[in-house]
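Going line by line, the protein sequences match chains A and B.
If you read the first sequence in this note's numbering, its first letter stands for residue 15, the second for the next number, and so on.
If you read the second sequence in this note's numbering, its first letter stands for residue 432, the second for the next number, and so on.
Misleading hints may appear alongside valid ones.
Straight line, CA to CA, 30 Å or less: simulated DSBU-like cross-link-like pairs of lysine-lysine [stated by the list, open to error]: (1) B:Lys552 - A:Lys51; (2) A:Lys57 - B:Lys483; (3) B:Lys572 - B:Lys434; (4) B:Lys1201 - A:Lys78; (5) A:Lys124 - B:Lys1201; (6) B:Lys742 - A:Lys78; (7) A:Lys22 - B:Lys1201; (8) B:Lys480 - A:Lys57; (9) A:Lys30 - B:Lys483; (10) A:Lys51 - B:Lys1123; (11) A:Lys30 - B:Lys552; (12) A:Lys51 - B:Lys483; (13) A:Lys57 - B:Lys478.
Interface residues of chain B toward chain A, partial, derived using beta-carbon atoms under 8 Å [stated by the list, open to error]: (14) Ala813; (15) Gln1126; (16) Thr1131.
Treat the hints as calculated values from the structure; they're not laboratory data.
As the structure is a prediction and not an experimental result, all values here were calculated from the model.
The beta carbon of each residue, even a glycine, is placed where N, CA and C say it ideally should be.
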Amino acid sequence: MQNNEALKNALPGCQKFEEVEENVYDSELGINIGPVKGVFTAKVSQVDIKEMDSYRLLVEGQGKPGKFNGDAAMELVEDGDDTTLQCSADVEVTGVLAAAGQRVMNGVAKVIMGQFFKDIEKEAKKIASL
Amino acid sequence: MTKMVGSSVKRKEDARLLTGNGNFADDITLPGMLHASVVRSSSAHAKIKSIKVEEALNHPGVVAVYTGKDLEGKIGPIPTSWYVPGCNLKEPPQYPLAIDHVRYVGDGVALVIAEDRYTVKDAAELIEVEYEDLPAVVNQKEAMEEGAPLLHEDIENNIALNWKAGEIPEGIMENAEVVVKESFYVQRVFPSPLETRAAIGQYNPGSGELTLWCSSQNPHIHRMVLSEVLGISEAKFQVIAPDMGGGFGGKIGVYPDEALIGYAARDLERPVKWIEERSEHYVAANAGRDEYIDVELAGKKDGTLEAIRVKNTANLGAYLSTMGAGVSTIDFGMMVTGSYDIPYAESETFGVYTNTTPTDAYRGAGKPESTYQIERIIDLFAREIKMDPVELRRKNFIKKEAFPYQNAHGLVYDSGDYEKPLNKALEAINYEELRREQEKKRKEGKLIGIGFSTYVEMCGFGPSEVVGAVGFQGGTWENSTVRVHPSGKVTVFCGTSPHGQGHDTTFSQVVADKLGIPIEDIEFVFSDTKSVSMGWGTYGSRSTAVGGAAVSFASDRVVEKAKKIAAHELEVSENDIEFENGKFQVKGVPGKERTFQDIAHSANMAWNLPEGMEPSLEAQYFFKPENFVFPFGTHVAVVEIDKDTGEIDLQRYVSVDDVGTVINPLTAEGQVHGGIAQGVGQALWEGAVYNKNGQLVSGTLMDYTLPKARFFPHIESDFTETPSPVNPLGAKGVGEVGTTASIACAMNAVVDALSVYGITDLEMPLTPEKIWKTVQEKEGNQ
């Protein structure tokens, strides 16, 4: 979860993911879901890191359809033999994203999150099998 | 010949409009025409740090990109047209494109011009604007608080104006037997015309003439204001409003976009076209209402009303729109006593700047809000003193004998008989039986409500001296020329600017009666500053009462001259001539006559005219009304609420309006029905919503509920006719009555239905969700 390469592969349409300072990354995310379409340049930072336990992922993105600010709290919870990744996120949007995207935003967020978790799982398995 | 005035003539303009032969802005194509797109702020409040235009400029097909900085000093700010006096009005400059500071989502930041519409949209997306976000404020009450973000640095507390009228003598409110107080919010809504805004500019570099086709309800006001903004002579500047798919007040405003298109056409020396997109319209076109209204109504236990105190806190948006200052002050505040003889009134308005799209007139403009507060509070007063709401209204009505009646704020209501439409409406719904039925159904657990609105409104703008005294930058008289061709066919010019109202038809009816010629012989020219010498446009339900009156007077002048020619030809004195059914006839000598067409020919040939008479047959009249007109009426709504879904079933809607003499019952009824749809729409469904960051979240027709035809029962509309003494037609305005009356009417019906739970007020719109939650809570189903 705090592995940069794994994050890059799991972030939706991530074309660039460069660490610019500790735990802060410049990235480019290509998103294409319904009315939310375009390349977003985003600053992604990990804060409140508790190794092997939890952190918050802050994403400040900007693209043609508007700006978005995301604040996602990620937590790994032991569940017997398994580990569950729990995530809760707040997203603020502007421009077309707000005016036209509001209604589909939940759906879009779910799709993106869903992808993210599927990919994280894949990455986790990849790392575990190394 | 059958009299045309008063008959339901089908609309002359429909054959053209309904068969696709209209000429709307987007139908206009000019050789070498370019296309424009405005890049708009996605931030509600921010400093512009940088605008990168290179990529857009390098895009194939792009001709020009302008930013606010490029236009500095070349094109002036867009001024308001209503400087309401005595309210410390502060007007910040509104530049056609924001220079370094954006103040609402939709504020223009760049103008892109390209060879075709697709290219220009693609290129507009390549403009990169870097914003430094500032805190935003969208609610006017919050914007007035200390420490709120300031939109314009020299405007303290964001207060644009503080206006007051009237004073209640000390002791009246304090000693009243009953004082009922309530606070209402008349929410922000969108005028939502079927056709969005548009502008097309064409410049002739040889002559220096500029032509601007634009979606304007008042092309002459556009010419007057934009000639200043663009620095071009009015004599070299033609503004034309082509066919328009509605306006509802949203196209009164002189907008930055129109100035930009005029500027670009002149700068590039090529025609430029801009058609607003629907999603763009919602952020960039003026919205309506958005007023918090606090009311106190004082009176006696027997129902005698004594005084009303009203405070309006109005959201003006980020800048002062064309009529922005007048709507919530003059239009709203002077009419707070409504149709009731209330001796004392006090009105106060705060107009406040916020990080939202500017607000301006919307169908009724201040009058629906004013009617809303008085018609809602009178219902609450009736409930407080346990009197039937109809009885309380009737008891306080201005009596028929009292007209002309001066209200507490000094407005003189022209004519009225308020009991007449009330009685007609009560009969139509069978009131007593309906109340009994309501009782019965209530016992069965059903939620049935009956709501009334017995409104009066001020319209027919207006007497020039008065509108001048209240700061309006216009004359509001009207102008018509009747031009008779040699064949006797007629072209009439008028300074009103119809965009769906059907003036072609109704005004033709007036001319047909006056000249005694068939309606098919009459053609009208409107909405073109080069054809019509001057005029003030269509808004404030002024067209028939003022424009129609000018048409009527100009026709009289034609007849006056024609009569002289007829007398000359028939060798009798003018007094011996009678004009009837299109014939000038020597009294008592059947057959000795000239037709209107004969005289048209004679006048135009000028072979044998009375000595000293000028040739031709054409007359112009400038009509300046002495007063506004005050239509009134009674609307009744019957609703049933579904407890399980929260849906409101509008079962019946009865309107009886008195708009003076009705020229055409068919088109008048159409106006009433459309108005009711927009008023009930506001009460039940519509609402423009911003989130706390100033982002518009109801920016599409999927998120903003415009009423559909299926939401309504058949509207049962009728009229009574109390002629106005202000104009020769006896006509009052009909365009806004439906909206003015119906917001309160629908609300009163729903509150009546929910009164079984002790509910006295709810905030509009009354969405099923809101109603369902309320009902569930009251029924104890948490």
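For this session: List, from low to high, the hint numbers that the structure doesn't satisfy.
Result: 3, 4, 6, 7, 14
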